[in-house]
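Trainee: Listed in order, the protein sequences are those of chains Y and S.
Whatever position you read off the first sequence (first residue = 1), add 2 for our numbering.
Whatever position you read off the second sequence (first residue = 1), add 39 for our numbering.
No wet-lab data here; the hints were simulated from the structure.
Glycine included, each C-beta is placed from N, C-alpha and C at the ideal position.
What the simulated footprint calls covered on chain Y by chain S, stretch by stretch (three residues with Cβ under 8 angstroms from a Cβ of chain S suffice, anywhere in the stretch; the number is not a length):
(1) 101-109
(2) 248-262
(3) 346-355
(4) 367-376
(5) 392-405
On the chain S side, residues computed to face chain Y include the following (Cβ under 8 angstroms):
(6) 48
(7) 54
(8) 57
(9) 58
(10) 59
(11) 61
(12) 65
(13) 66
(14) 67
(15) 76
(16) 80
(17) 84
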Amino acid sequence: MSATASRSRNRARTQEAWLLGCALFITAVGMVTVDLTLRDTITALTLRILSTLLGASVIAHIVIRIRAAHADPILLPLAVLLTGIGTAVIHRLDFADELRAINRGEPIPASKAGAQATWFVVGAALLALTLIAVRDHRRIQRYPWTLTLLGLLMVLAPLVPGLGRTIRGATLWVSIAGLSFQPAEIAKVVLTVGFASYLARHGRALGALRARFMRIPFPRPRDLGPLLTVWALSLSVLILQRDLGTSLLFFGVFVVLLYLATEQRSWPLIGLAMFSTGAAVAWWMFAHVQIRVALWLDPFVGDGTSQVALGLYGLANGGLFGAGLGAGYPQLVPFAESDFIFASIGEELGLVGCIAILMIYAVLVARGLKIANTVRDRFGLLLASGIATVLALQTFVVLGGVTRLIPLTGLTTPFLSSGGSSLVANFIMVGLLIRMSHAARSAATTPAAGPGFDVVSAPRHDMAQTTQVIELPNARNIT
Amino acid sequence: MNKQLGRLAIAFIVMLVALAMNLSFIQVVGADSIDSKAGNRRNLLREYSRQRGAILVAGRPIATSTATQDTLTHLRTYPDGPAYASVTGFYSFLYGATGIERAENSVLSGSADSLVVDRLQQLFAGRKPRGGAVSLTINPAAQEAAWKALRGRTGAVVAIEPSTGRLLAVVSSPSFDPNLLSSHDGTGIKRAYSDYLADPTQPMLNRALARTYPPGSTFKLVTAAAALASGKFNPESVLPGPKTYRLPLTTKDLNNWSRSQCGPGGKVTLAKALAISCNTAFAWLGNELGADALRSQARAFGFDFPVKVPMSAAVSRFPTNPDAPQTALSAIGQFDVRATALQMAQVGAGIAHQGVLMSAHLVDEVLGPDLSVLSRTTPRVFSTAMTAEHAQTLLMMMEGVVSKGTGSNARIRGVRVAGKTGTAQTQPGTPPHAWFVGIAPVQSPKVAVAVVIENGGGSAEVSGNRLAAPVARAVMQAVLSGK
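Generate coordinates for the entire structure from the input sequences, incorporating the hints supplied.
Mentor: Written out as structure tokens, the structure is:
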């Protein structure tokens, strides 16, 4: 390993350590502000949560140092920052829940912020495990069908009698031994890997075109098969589980990846047409979809207490600078710590805080796209952009819903929402990004660095089509 | 594929910009209009989050806020709930506020301009803003005496200090418990509210201020004042007081309550006519004076004028264009004449204060959160209803009502009391309303009181004396013994 590489690696990891420190400091300020505003003292829970976050972050950082030394230093800190801000806001809402329980004479509920910190440990552990288990991201493209099938099973698992749980009308939860989680969140990762693997191998073939319509070339009918399959899968999620968000997300990611893999504009157009058809069918078939659309058009209908309206009141109360942590009324918004956590942030941290959160997401997505742009293999490109798309789409759909830009669909806010499945899945995705980032950056600094980085001189698009490359994990293409 | 990645990035940027612009609209540009929507409970919670100032009577709170642990953070309580409910009103997160709670909300909630210095001090001291207090003119002895005397009856009492217009007692019966409506228990509030609404005795109706009644014979005070003002009559003027009075242009006869003539040969002096409440004489007098003279005298006493004390009182009315028989009936407080208990107390107060009517008011002082006095109400003249000389004459005539006329039950040992009874017919078949307007002591009046008891029972003029006069006496006694 050359001196340059070592120095750059050290610099990246030092930056990461500093940025992690900043993220944890901001989290600590948030948690302590909540405590001082609502309890006049720093609670033991806050100290426990902060030390948990610190410990897990340090471990994740050390694993990255060892296993992905060249990786982008900003990815982990941004994920930790979002999780930390989310935990502080959840902590603040815990106090409101506690107060409500006391007033109603009910038992005080367990701290969701504490649970979130525990889930962060699991997430960080799985991120580390991802880096340890996946030493080369190209290895995981070997099982497109297995992964897609696995993802499909996970999505549909809640429908299995005795296993699934229906909460708030959506059948998304699986309960095993008292622990419930949303397999769709994990499926999100599995399917993204599956889609990327499949398209890395067959994307080119799907790109063969025949007919032209309005000067845009359209694919052969038989190439529509995969897209129709995913469309059917998304519709079944929508119909069987009443989950608009997940359905939209899966379909959206597949269309984007199809577009990247084939480089044909017709795919997004076809995808849009199919989405519109699906949406129209859903609107026609389901009362709950009609209600969502009606409340989007007029959230203040009736006594003005629809979910969307309640979220908007919170955002409006926040104004430019927010009421301050602990000084607003985010508990008046339903699901304030999960689906509507952005409204809670908007109320107490204001437009400034909201824009800051948007910027963090934007940087995460931009780094994802940058990795896609620099990684040297087709699968890596598709996987990195797939992960960026999942993040971007999910954020847009849920924030757009809360802020009444689009109709509300139930989705968790990445990294912010209270809930383990979502947090863990997102950290695995960050782990994959870190893995690919390491590959891209170490290749950029040291073209022939390390064992197994044999360079195969071949055009990049050819690589994905040759299974030979996949079976040689050390093979590497440079365009 | 770089071109496609670029396009994807552009799509994401468009999404980001759309979110940011939309957020700017919600949180900044359109925030106020969203914030003020009906479904938003934050405005209410913000108001509750401040400690609301107390309502004080003689230094003692009749409404006070205490800190609670629930989301509304402060609970409003009323130590003497029902007795003062017609003054305090209630303060409910479901049904808003009434009474002083509503009229003085800006002070009590701390948002009044007069409290700006306090708000700044609290801001710099890092303390949560608190509301100012309001101290009332109510005399607790009079209020409680009136409340006790009205117990079990449907009616109202208003007592005024004639020289200042200070309201000493404002009681409506039956009453409600504002504690039930101001609690934080939503279902309890709703139940109490609907129960009160369904109650046929209308406990939430403020009979002292918000309800008008035909004033009956107490209106003869206004007619008598107009007669003196005309210059054509004095207490010794002899009026016709036959057994019946044929209403002009009709074939209807008006009777006296006694069913007999008011004096020997159907003749009676003005003073005697007032003392025995002679209907035929006053009906005749009304037509002699004319509707315009009656109306202008009534208006000088505050009829046809919207009054705030600071709650808005119902407007008392004199008919706009009565014909001759209607004028005759109006002169004895029937037909379309309508008056609140407050209005009739003001008539008494005007007569007692040498013809000068003071503006009736409830708020004595506005206090800061630290109970420092921010402002004090100075008595203001409302109108000059009579000359001092005529007022004195009428007061003497009213003393005759109590000492040798229909108002014998208002007599207080060792105190010169003036008064006027009244019995107002409503509909055939329902008992009339019993009235009494009292003033004491005659030589230097400290209190003017009006009492009305709805459908008091009995059909004769005596019901004013039998039912209303004892209540008035109790209130006057309470005021006098307290000073």
